[in-house]
Amino acid sequence: MNSIEERVIDIISDKLGVAKDQITRETSLIKDLQTDSLDIVELVMDLEEEFDLQIPDQAQQNIHTVGQIIDYIEREVKQKKSGSWEGQGTGAVTKD
Amino acid sequence: MVRRVVITGMGTVNPLASDLEAFWKGLLEGRSGIGPIDLFDASPFRVRFAGQVRHFEPEKIIDARTARRLDRFAQFAIVAAIAAIKDAGLDFAKEDVNRCGSILGSGIGGLNEYEEQHTRLLQQGPHRISPFVIPKLMPNAAPAQVSLHYGLRGPNMSVSTACASAANAVGEAMRTIQRGDADIIVSGGTEATITPMGIGGFVAARALSERNDAPTKASRPFDKDRDGFVLSEGAGILVLEEMEHAVRRKARIYAELLGYGVSADAYNITAPCPDGSGAALAMQLALRDARTNPDEIQYVNAHGTSTPLGDEAETKAIKLVFGNHAYKLAISSTKSMIGHLLGASGGVELIATVMSIHTNWVHPTINYETPDPACDLDYVPNQARQMTVRRAISNSFGFGGHNACLVVGKFEP
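Chains as they are written, first to last, in our numbering: chain A, 1 to 96; chain B, 1001 to 1413.
A portion of the hints provided could be inaccurate.
To be verified - Residues on chain B that point at chain A, a partial pick, calculated with CB under 7 Å:
no.	residue
1	1064
2	1065
3	1131
4	1132
Everything labelled a hint here was simulated from the structure, so no lab data went into it. C-beta: ideal position from N, C-alpha, C; glycine also.
Please build the complete structure, drawing on both the sequences and the hints.
This is the structure:
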């Protein structure tokens, strides 16, 4: 299994058609990758599916760089593993 | 003083070829672009063949990210538009982009995207619907992309009149230039409906040929054994330009767009008016608009879909308009080789008509084997013909009873 960082960069590269070596933790979604609001919605959907979690709108507003995405997901995945996510509205995603 | 409109560039993506030169060569050679469907598993369907655009790689022409944000029908449009604009030798950096626009036809729009996302909705739930579904499926995504790609800020819209869409789009583009609202309009049509719902829907409507054992023989307009049309996909795009503007920049002028006629059958949502009177009205209006007498026309690029009713009605319509001259006309159906591109057909077929004016060759109607007493005109059977084509008419008729005809002629300053 690749690291979370690699998986996030894979998804961004695939969705936005940007070479992987052009994406670093410091890469800005808007300034460097020229994303618009629809790109972000789709990216979030793909990340949610890949990592089986939910990224609430509020959290999205604080994410501006690739590094911030990676940090957020690492935090959420860790919480999930420790079991602390259970019962929380934002983390408990079931596929319906 | 009427502003004249000329055609200075053409581009196409279709089942026969993905560039203008190969397309025209294929048509003159009488080659068929029809084959088995492999875009999806068609095995449960009564019709398992179509006119697919094969080896289509839009990422080689536009960036991968833009391609991903477009449905297949809009990908065809932008790729063909880029080719047409290149063919016209246009550099929009030197143009007033406020006077340049795009009017494109599409009968259905982004059916691929609609079906894909609808499947996601049913299988994965509403939260998995792509944010791009609406901007991808809307029929105006195609002309919008031309505007976005080149920064064109003039008149921009889509026209949807089923199989007459592209002809109506070109006609409306011609009017837009004539009345002075623009100097250049990228026009034509695009379609991509070889999908489960597209094939299934036309099968249900009993519109398609079911000749699964011989796909290349299935589209046989005006032949006695025709049994329906062959569904196809692609785009046909033309650069329409105000004549003086084209002359000033020393553009190569393929032909002049002389007339446009449009009417409705007011008869039935799918079947053509059997006496051909609705289609005849559109042809008459186009000729009048072109200040052209019927006997000044040498060539008719027929709508000729290969349906039993349609080809007979069109033959009657041609006789109504041309009288005895009908028997002197060369008439051929591009659909015999590339099938029916629906909302793109009028664009691709106008390109074929313009090439007849430009080269003095007319392409054949292939698969014409058994004459039908109800269709007794000269359909240029099976062999291309060298002949002077000074003026020609291109016919397009659509579900809904829409009729749109365009008259083109050799350009004479």
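Do the hints match the structure? See the list:
| no. | hint | result |
| --- | --- | --- |
| 1 | 1064 | holds, 4 Å |
| 2 | 1065 | holds, 3 Å |
| 3 | 1131 | holds, 4 Å |
| 4 | 1132 | holds, 6 Å |
Checked against the numbered hints given earlier, this structure breaks none of them.
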